[in-house]
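Trainee: If you're matching them up, the sequences are chains A and B in order.
Counting along the first sequence from 1, when you hit position 3 you're at 3 in UniProt numbering, and nothing is skipped either side.
Counting along the second sequence from 1, when you hit position 337 you're at 337 in UniProt numbering, and nothing is skipped either side.
These are calculated hints, taken from the structure and not from any lab test.
From the three backbone atoms N, C-alpha and C, an ideal C-beta is built for every residue, glycine too.
Heads up, a few of these hints could be off.
Unchecked claim - Covered stretches of chain A, going by a simulated chain B footprint (3 or more residues, C-beta under 8 Å): (1) 66-74; (2) 84-96.
As the list claims (entries may be wrong) - Non-contacting residues of chain B with respect to chain A, defined by C-beta distances greater than 10 Å in every case (computed): (3) LEU17; (4) LEU91; (5) THR113; (6) PHE137; (7) PRO159; (8) ILE176; (9) VAL198; (10) SER205; (11) ALA222; (12) GLU297; (13) ARG300; (14) LEU324; (15) LEU329.
Residue strings, one per chain:
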Amino acid sequence: MSDLLRVANVSKHFGGIKALTDVSFTVRKGEIFGVIGPNGAGKTTLFNALTGLYQPDTGAIDLVGTSLYRRKPHEILKAGFARTFQNIRLFHNMTALENVMVGRHTRTTSGVLAALLHTAHNRKEERDCMAYAQQLLTRVGIGKHTHTLAKNLSYGDQRRLEIARALASEPKLLALDEPAAGMNPNEKNALRDLMVSLREEGLTLMLIEHDVKLVMGICDRLVVLDYGQKIAEGTPDVVRHDPKVIAAYLGGEVVV
Amino acid sequence: MNVLDYLKGKAWLTAVLLLLGLVLLPFMVEASLGKSWLRILDFALLYIMLALGLNIVVGYAGLLDLGYVAFYAVGAYCWALLASPHFGLNLPFWVILPTGAAIAGLFGVLLGTPTLRLRGDYLAIVTLGFGEIIRIFLNNLNAPVNITNGPQGITQIEPVTIAGLSLGKTQEIFGITFSSPHLYYYLFLLFVALVVFVCMRLENSRIGRAWVAIREDEMAAAAAGINTRNIKLLAFAMGATFGGLSGGLFASFQGFVSPESFNLMESIMILSMIVLGGMGNIYGVILGALLVTMIPEALRYTGDLQRAVFGEVFIDPADLRMLLFGIALVLMMLLRPAGLLPSKLRRQELAEDAT
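Just chain B, same shape as in the assembly:
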């Protein structure tokens, strides 16, 4: 607590320390836990972007979207088609990434439009359907014209190349060796920072207030002068754009995409990150995304633990970790139903202190 107290009111010092920590983190992770955890860290960053995007739709505007992974898929396939031997294209990343994000945003509006009159459960079911439609399309668009290569997916996707430096290979810069996941970590971190910045600016803006107003009471929002149709579509579009952005980054990082990666379970995982962390709160959502990506991975070690204690593996760690994860979620909901870091709590406390 002493360190935190000391840092209070020293914003620049906190920022510098945070930045330093984030820059050095992959070195520490790679040295202590190995390269596989560095990849997990990269995925955690991707999921932070996804969760923040979905948070705009679900957390701010209160539109329960269960098909969010569709926009992730659109972004990923955009990258895959524009930078792989499949069509023989290899466009630079600064062309593909905005294109993918924009197309995903367009899909956000496209899928948002028919759902404007729906709320709650009904909206959830329709968006769930949309998510599945996209996945099934990707699965079947290999005939009569082969666009997506069907269930086999698209392989040999080009990695991000910045100024001739491919992030897909181990590189040596200033005598320091950076592995591919290490390089991607910095790229993803940059985009996470961008997404966080956008979310923060929007949260305390006229548009952000309009989103929250719609979540709180759509009829009152309309009567207060908000064009609910446009503002809801804007939320869908913004969320989808972030989904498309992380999709593109995912495709380049993974080097391979297939419809399998974009199933309903993914949508639900992203949603549970938001719910777990605290809907509508940027820090909560980031924490939620980190936990939901890391915990199941950490629970893989239960296999080793069983072997050490009992001499053999009784329960497959893959089964056990989902069970433990489920229990953790249930406990969470019982103990902190509003999430780990609920939004507005701090502000509410401040208000109570003042009176």
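Here chain A stands alone, though its shape is the one from the complex:
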């Protein structure tokens, strides 16, 4: 498998707090790549630094040859790296369909003039965009909620909608920040099936998750963060038995 995302020595400091220190890892094409670690380990900071919401202080981020280092969020999305948020961030007063249509912003082109003149290109683009969005809603399992306002969706459906919005940009890599948080077992299973089927379609996924069973069961490889540093990387089996990881999760000194 070829490398999709190369992250090298990414650091991010907030004043004196070292949120990330020299984090390096590689995500391969077509895998589900987990990012785990105790609370406050810097997982979400890592996602934010990768997707342009924070400017990393140093390092290199490379998505199949395109540097994403210190680029704007919309440029990173356009390059093919989409994400969801830990605390769901939807456009609450827009319908589910509109949320997904916004997600297609970078894959559509109509400007003010095209909208005013209702050019043939603009009308076709709107039609296609709407059809694509509807298809994605069905894909993630909320096809019957097309015209429901995002804020009126159930919690699990909001998570799905956020994934659909991210998918609308046709990403190569999709980063999910704790997608299973607050879900019941049924919803978790459905989410798991969705992730597996997305991988089968060729999408690469990054996943921050606290549910160890879910992570260990679904991820091909993992990176473990603690206090902003990478302490382990490898397959679930390797990581599970790493003494540093056990120490980070259970506390205590590392016996070497």
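Take the given structure of chain A and dock chain B to it, following the hints.
Mentor: Chain B only, in chain A's frame:
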């Protein structure tokens, strides 16, 4: 309700009736309420344009702009300087109006750029400052070189002239007499239609969705691929362009502009039209603009009412009408906090009906 039910699904008939009503309205107003109300109606149309322009910035993109009147002022002064004895210029309206609108749009970008990182209260305060800066500039740009004629303002501004027909004078066309406010009514109506058309097209477009997305959650919008800087500047520019357009029309209609007309109170009134009518909803904003222009005028009659009941005027109607207007706004906010015609409500209801 029967009439409305009958018209449902007959779009062309509704449109024809609406058009007929709008064309005949000034005749009825002039005959029943007099010419002063026709002028009020004209101003209401100007405010509809202003409110729709501000609605793009505040209602769609969620950027609280308290200095919007500055763009109105820029448009108005553009017209005043290019068509008055002040500089001895008298350019035709089809040159001045786009120029004024474009310059106002440019100012929109100019004032928008430094505020891109600001949100909410902070944005409101900075835009409020910008609005005042423009007004104070207009007030003081009479020395060392006299550009704006300072607090005295610019007088004898040329009215709109279309094909040799001046809208500033009473004209007789096909044997029907049209007063100046009557002629301006049709001109303004045309521009209102244009602005409404632009707003409607944009509302359901890729750009319109991007604006609303920024209003809802700017960070999520950026992560969804929206270049928030450009799209916000576009909102400022579009809003300012409409402001400049109505400013130019205002100057020609009034024949006189002075910095006094563009104070903070104006910005707040335009904002309250949007809030009252329903932020983000075109029909709501139009209704809000009509009410906020008409109600204070109608409340002037409280003077006559007091005289009729008590035999004398106890409270100056000018004071009383602002008080009543204030009470009306407070009641409004208590009873319908989302405005008279909140946006999306209808769509939400439809969605609930379907499920």
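Trainee: Give a verdict on every hint.
Mentor: Hint by hint, here is what the structure shows:
1. For the region 66-74 of chain A, the proposed coverage by chain B is satisfied: 3 residues have a C-beta within less than 8 Å of a C-beta in that chain, meeting the threshold of three.
2. Proximity of the region 84-96 of chain A to chain B, defined as three or more residues with a beta carbon under 8 Å from a beta carbon of that chain, is established by the 8 residues found.
3. Non-interface call for LEU17 (chain B) relative to chain A: holds, since the shortest CB-CB distance, roughly 25 Å, exceeds 10 Å.
4. With a cut of 10 Å on Cβ distances, LEU91 (chain B) stays outside the contact zone with chain A, its closest approach being about 26 Å.
5. No beta-carbon of chain A is positioned within 10 Å of the beta-carbon of THR113 (chain B); the least distance is around 16 Å.
6. Its beta-carbon lying about 29 Å from the closest one in chain A, PHE137 (chain B) satisfies the requirement of being farther than 10 Å from that chain.
7. Non-interface status of PRO159 (chain B) relative to chain A is upheld: no Cβ of that chain comes within 10 Å, the nearest being about 29 Å off.
8. Non-interface call for ILE176 (chain B) relative to chain A: holds, since the shortest CB-CB distance, roughly 34 Å, exceeds 10 Å.
9. With a cut of 10 Å on Cβ distances, VAL198 (chain B) falls inside the contact zone with chain A, its closest approach being about 6 Å.
10. Interface exclusion of SER205 (chain B) from chain A breaks down, the closest Cβ pair being 3 Å apart, not more than 10 Å.
11. Consistency note on ALA222 (chain B): stated as away from chain A, yet its beta-carbon is not over 10 Å from all of that chain's, at 4 Å minimum.
12. Distance check for GLU297 (chain B) against chain A: the nearest CB is about 34 Å away, which clears 10 Å, and the non-interface claim stands.
13. The Cβ of ARG300 (chain B) sits about 38 Å from the closest Cβ of chain A, beyond the 10 Å cut-off, so the non-interface label holds.
14. For LEU324 (chain B), the condition that its CB be more than 10 Å from all CB atoms of chain A holds, with the nearest at approximately 32 Å.
15. Non-interface status of LEU329 (chain B) relative to chain A is upheld: no Cβ of that chain comes within 10 Å, the nearest being about 23 Å off.
Checked against the numbered hints given earlier, the structure breaks hints 9, 10, 11 and satisfies all the rest.
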